[in-house]
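These protein sequence lines map, in sequence, to chains A and S.
The numbering used here runs 4 ahead of the 1-based position in the first sequence.
The numbering used here runs 40 ahead of the 1-based position in the second sequence.
Treat the hints as calculated values from the structure; they're not laboratory data.
Built from N, CA and C at the ideal position, the CB exists for glycine as well.
Please note that the accuracy of each hint is not assured.
Derived contacts from chain A toward chain S, CB cut-off under 7 Å, selection only [claimed, not checked]:
#, residue
1, Gly48
2, Leu49
3, Trp51
4, Ala63
5, Val65
6, Gly66
7, Glu93
8, Tyr99
9, Asn107
10, Tyr108
11, Trp112
12, Gln114
Mimicking BS3-like on lysine-lysine, the simulated pairs with C-alpha atoms at most 30 Å apart in a straight line are [stated by the list, open to error]:
#, chain 1, residue 1, chain 2, residue 2
13, A, Lys69, A, Lys47
14, S, Lys147, S, Lys87
15, A, Lys80, A, Lys69
16, S, Lys147, S, Lys84
17, S, Lys84, A, Lys47
18, S, Lys147, S, Lys108
19, S, Lys84, S, Lys108
20, S, Lys87, A, Lys47
21, S, Lys87, A, Lys80
22, S, Lys87, S, Lys108
23, S, Lys108, A, Lys47
24, S, Lys84, A, Lys80
25, S, Lys147, A, Lys47
26, S, Lys84, A, Lys69
27, A, Lys69, S, Lys87
Computed far set for chain S versus chain A, every beta-carbon distance over 10 Å [to be verified]:
#, residue
28, Pro54
29, Ser66
30, Val88
31, Ser105
32, Ser131
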Amino acid sequence: EVQLVESGGGLVQPGGSLRLSCAASEFTFSNYWMAWVRQAPGKGLEWVANINQDGSATAYVGSVKGRFTISRDNAKESLYLQMNSLRDEDTGFYYCARDRGWNYLDWWGQGTLVTVS
Amino acid sequence: QSALTQPASVSGSPGQSITISCTGTSSDVGGYNYVSWYQQHPGKAPKVMMYEVYNRPSGVSNRFSGSKSGNTASLTISGLQAEDEADYYCSSYRSSTNTHVFGTGTKVTVL
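Just chain A, same shape as in the assembly (with noise of 0.2 Å):
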């Protein structure tokens, strides 16, 4: 069965930085696109970013660009959000999914709890 083990979280100040890693396994990374998707505390899902297979093509939610980074190492199969500059408002559950290409995702991971206070 597939696998998605996000890491990473954790406390940070507004301003600071904090990078999210998700390792995959059981099914071919290097085949499919992944997204971040985060949920602030009582809140709706929000998709974040995603990325293509060889990480050529990326898009991001308007409210992070500029600031977040998403990117991925198949040699690793892993994934990865880069966070700078962060405010109060990206406090939340962020989960690694995999990404059937803008169509839906398929497979998510448990989460990783991001708090910036």
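With the hints as your guide, set chain S onto chain A.
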């Protein structure tokens, strides 16, 4: 960016059918069949329940069905069961921003 519009809550008794709507625009729901639905139980990760409007992933009960008319997509749960109590989110590709967008979410309560 603006979320797709869903009712905040829908409820039904066991065995009944309920329908959750998801309203967008011609740039997202109405323009593409890339509409998907996700179920999220408290403290858990979301799980895809429907994709490309009406396709069920393997393992999802056939009590779940999807449809779309114009700019509104719908998820119907038939034969409502206690385990269906959860939050449900729709999602679509949005061409105007080249992003995914989620709905506002609907809390389903089994009475």
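Verification of the supplied hints:
no.	hint	result
1	Gly48	4 Å, holds
2	Leu49	4 Å, holds
3	Trp51	4 Å, holds
4	Ala63	5 Å, holds
5	Val65	6 Å, holds
6	Gly66	6 Å, holds
7	Glu93	14 Å, violated
8	Tyr99	6 Å, holds
9	Asn107	5 Å, holds
10	Tyr108	4 Å, holds
11	Trp112	4 Å, holds
12	Gln114	5 Å, holds
13	A:Lys69 with A:Lys47	21 Å, holds
14	S:Lys147 with S:Lys87	15 Å, holds
15	A:Lys80 with A:Lys69	26 Å, holds
16	S:Lys147 with S:Lys84	14 Å, holds
17	S:Lys84 with A:Lys47	14 Å, holds
18	S:Lys147 with S:Lys108	20 Å, holds
19	S:Lys84 with S:Lys108	28 Å, holds
20	S:Lys87 with A:Lys47	17 Å, holds
21	S:Lys87 with A:Lys80	25 Å, holds
22	S:Lys87 with S:Lys108	20 Å, holds
23	S:Lys108 with A:Lys47	26 Å, holds
24	S:Lys84 with A:Lys80	26 Å, holds
25	S:Lys147 with A:Lys47	12 Å, holds
26	S:Lys84 with A:Lys69	28 Å, holds
27	A:Lys69 with S:Lys87	27 Å, holds
28	Pro54	26 Å, holds
29	Ser66	17 Å, holds
30	Val88	6 Å, violated
31	Ser105	16 Å, holds
32	Ser131	7 Å, violated
Violation of the numbered hints given earlier is confined to hints 7, 30 and 32; the remaining hints are satisfied by the structure.
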